[in-house]
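So you can see what is in the structure, the chains are spelled out below.
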Amino acid sequence: MRRGWFLPIAASLGFAFLYAPIVSLVIFSFNESKLVTVWSGFSTKWYGELFSDPQLLGAAWLSLQIAAISASIALVLGTLAAVALVRFRRFKGRTLFSGMVSAPLVMPDVITGLALLLLFVAMESTLGWPQGRGMLTIVIAHATFCTAYVCVVVQSRLSDFDRSLEEAAMDLGASPLRTFFDITLPIIAPALVSGWLLGFTLSLDDLVIASFVSGPGSSTLPMVIFSKVKLGVSPDVNALATIIIAIVALGVLAATILQLRARPKRARG
Amino acid sequence: MAKKPQLAIDTRPWRDPKAKPFVRIRNVTKKFGDVSAVHDVSLDIYKSELFCLLGGSGSGKSTLLRMLAGFETPTSGTIEIDGQDMTQVAPYNRPVNMMFQSYALFPHMNVEQNIAYGLKRDGLPKAEISARVAELLALVKLQDYGARKPHQLSGGQRQRVALARALAKRPKLLLLDEPLGALDKKLREETQFELVKIQETLGVTFIVVTHDQEEAMSLATRIGVMNQGEIAMIGEPTDIYEFPNSKFVANFIGSANMVEGVVTEDEPDHVRIRSDELGCDIHVGHGVDCAPDQILWWAIRPEKLHLSRDKPAGIHGANVTRGMVEDIGYLGDMSVYQVLLDSGMRLRVTQTNTVRGNPDAITWDEQVYVTWGDTSGSVLTV
Numbered sequence: 001m002r003r004g005w006f007l008p009i010a011a012s013l014g015f016a017f018l019y020a021p022i023v024s025l026v027i028f029s030f031n032e033s034k035l036v037t038v039w040s041g042f043s044t045k046w047y048g049e050l051f052s053d054p055q056l057l058g059a060a061w062l063s064l065q066i067a068a069i070s071a072s073i074a075l076v077l078g079t080l081a082a083v084a085l086v087r088f089r090r091f092k093g094r095t096l097f098s099g100m101v102s103a104p105l106v107m108p109d110v111i112t113g114l115a116l117l118l119l120f121v122a123m124e125s126t127l128g129w130p131q132g133r134g135m136l137t138i139v140i141a142h143a144t145f146c147t148a149y150v151c152v153v154v155q156s157r158l159s160d161f162d163r164s165l166e167e168a169a170m171d172l173g174a175s176p177l178r179t180f181f182d183i184t185l186p187i188i189a190p191a192l193v194s195g196w197l198l199g200f201t202l203s204l205d206d207l208v209i210a211s212f213v214s215g216p217g218s219s220t221l222p223m224v225i226f227s228k229v230k231l232g233v234s235p236d237v238n239a240l241a242t243i244i245i246a247i248v249a250l251g252v253l254a255a256t257i258l259q260l261r262a263r264p265k266r267a268r269g
Numbered sequence: 270m271a272k273k274p275q276l277a278i279d280t281r282p283w284r285d286p287k288a289k290p291f292v293r294i295r296n297v298t299k300k301f302g303d304v305s306a307v308h309d310v311s312l313d314i315y316k317s318e319l320f321c322l323l324g325g326s327g328s329g330k331s332t333l334l335r336m337l338a339g340f341e342t343p344t345s346g347t348i349e350i351d352g353q354d355m356t357q358v359a360p361y362n363r364p365v366n367m368m369f370q371s372y373a374l375f376p377h378m379n380v381e382q383n384i385a386y387g388l389k390r391d392g393l394p395k396a397e398i399s400a401r402v403a404e405l406l407a408l409v410k411l412q413d414y415g416a417r418k419p420h421q422l423s424g425g426q427r428q429r430v431a432l433a434r435a436l437a438k439r440p441k442l443l444l445l446d447e448p449l450g451a452l453d454k455k456l457r458e459e460t461q462f463e464l465v466k467i468q469e470t471l472g473v474t475f476i477v478v479t480h481d482q483e484e485a486m487s488l489a490t491r492i493g494v495m496n497q498g499e500i501a502m503i504g505e506p507t508d509i510y511e512f513p514n515s516k517f518v519a520n521f522i523g524s525a526n527m528v529e530g531v532v533t534e535d536e537p538d539h540v541r542i543r544s545d546e547l548g549c550d551i552h553v554g555h556g557v558d559c560a561p562d563q564i565l566w567w568a569i570r571p572e573k574l575h576l577s578r579d580k581p582a583g584i585h586g587a588n589v590t591r592g593m594v595e596d597i598g599y600l601g602d603m604s605v606y607q608v609l610l611d612s613g614m615r616l617r618v619t620q621t622n623t624v625r626g627n628p629d630a631i632t633w634d635e636q637v638y639v640t641w642g643d644t645s646g647s648v649l650t651v
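Chains A and B, in that order, give the protein sequences. Mapping to our numbering: the first sequence position 256 is 256, numbers consecutive. Mapping to our numbering: the second sequence position 306 is 575, numbers consecutive.
Everything labelled a hint here was simulated from the structure, so no lab data went into it. Every residue, glycine too, gets a C-beta built ideally from N, C-alpha and C. Among these hints, one or two may not hold up.
On the chain A side, residues computed to face chain B include the following (Cβ under 10 Å) [said to hold, decoys possible]:
no.: 1; residue: Arg3
no.: 2; residue: Leu165
no.: 3; residue: Glu167
no.: 4; residue: Ala168
no.: 5; residue: Met170
no.: 6; residue: Gly173
no.: 7; residue: Ser175
no.: 8; residue: Gly251
All chains, full assembly: derive it from the sequences and hints.
Quick look at the structure:
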């Protein structure tokens, strides 16, 4: 069959739409000029500038910490919620629980952020905790909405899970706890990893909620970039973005290679 | 090689009223909400038996098996295994292993690790575990497959790994949930005999759940037929087939022609039943627990009926009826005739094809006589 011209062109346009902004960002990170939109020659000076900018680096480090901690908290809570939803088919308030767990998925960030801010303020004035707002409050806020995502991912994996696997382990003499670590955990591990990564990415990404619940001296990376852009984009932000893209691309590439290595084994059966 | 264990199939302990049962299920009921899946079941199973629980879906056979394994707790009643009350004991503390219908092989472990899993939980020394695993792999003829993962095995191989894993801990009692259900017909027949052979070599007591009556008939020392959560009949395969105790069992096992009739003579040595459906009287050559004028049912297997063109003598003027061959199903080894009687009832008759391409065989639309012996049918009152 002769291939038409339509599909290749449509595909190219689609990829251009998705990746042209990123490509231009990478190119302009090597721009000499201070003006982001005018090309004046190749240079890596903005990378040097970036590494001598403590504000940006500090914000990036804070964001990574927050993302890792809140994704980990969300992983535990989300998994527990998913287990409750999948394994205990009938309990009082199950429908309510399931709705409440997934509500943060559809809640506008502005409302979540505002609600959390009001809660933190009220808690500080009545309980005296958390004192002021900063990294702790951002972590709590991110953990709440990441929990919902983790729960959805783990839930779908758990509902495919053949329960007789666990019964077989118990039948062979493993206690319920032992069964969980020997059988359940290794089998749902891929879902846990993707749940954690999803939470990590979402937390790293979040601007709106963090803006509400952060305090002085605890600006996350998106907040710093956003405030910089308001004063005019500086090229060192491009450099930072390029580094992040490179890390993400390497991660995706590594994951793909691992998957490809695992696949031929399966096909051999 | 160890001495051949004494097998239940040779000694038939269930015929000895003094024999001590190995598994004793007493008045067990299991309710899920308001529905009782198993209702007041009592059952004795003897050492080294291969007992089949046979029933359709929803008959409660799997629930009963899961209660023996410990995955369900009976709502009432007790389960004793080898003289010990196991009713409340957790599955991981029972001397019982189960082979699951889905095989439930651990996908992230290879064949050896799967088989060794139970032994590791017992904390056996490493050398002993690997010796035992090798022994089991040899038993199920999978010596070269130890390093494979379950997804690299065929259905039949997976089934054998599941069996080896379930046998690894030398359980006193092995429960098998539809062990051959996922295999195709040819493989199933081979595996059936292998399963019996393994059971006879090891002398382990097997309880097999199945919905396949052929499987039950060829595997079992005894069969328990289950219907709607109750045991309909317990007996050796021949008892179940030849002497069903109820209409349900007669219809569930094999195929049966069933007619309704009225008792006209009730003597200690014979019974006469008039059946309008059959268009003749039935002479039964033994006494039956019934009363004159009682309405009851009479069932006969298709292979116990005979077809002829000439009118046979019959017995005391009974056991002969007439009809027309309406349909013939040729199955190779035998043919199934559907005979339409004058009453409008259809009888199913099977005849073995002993002559090759018999030109004289009874054919479509012929008038034929159907006859049977005076002890060939079963009189059923329930």
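Status of the hints after comparison with the structure:
1. At its closest, the beta carbon of Arg3(A) sits 36 Å from a beta carbon of chain B; the interface hint therefore is violated under the 10 Å criterion.
2. With its C-beta approaching chain B no nearer than about 5 Å, Leu165(A) sits inside the 10 Å limit, and its interface hint holds.
3. The criterion of a C-beta within 10 Å of any C-beta in chain B is met by Glu167(A), whose closest approach is roughly 6 Å, and the hint holds.
4. A hinted interface residue such as Ala168(A) counts as satisfied when its beta carbon comes closer than 10 Å to some beta carbon of chain B; here the least separation is about 4 Å, so the hint holds.
5. A hinted interface residue such as Met170(A) counts as satisfied when its beta carbon comes closer than 10 Å to some beta carbon of chain B; here the least separation is about 5 Å, so the hint holds.
6. Because the smallest distance between the Cβ of Gly173(A) and any Cβ of chain B comes to about 4 Å, under 10 Å, the interface hint for this residue holds.
7. The criterion of a C-beta within 10 Å of any C-beta in chain B is met by Ser175(A), whose closest approach is roughly 6 Å, and the hint holds.
8. Taking 10 Å as the C-beta cut-off, the interface hint given for Gly251(A) is violated, the closest approach to chain B being about 24 Å.
Hint compliance for this structure: hints 1 and 8 are not met, and every other hint is.
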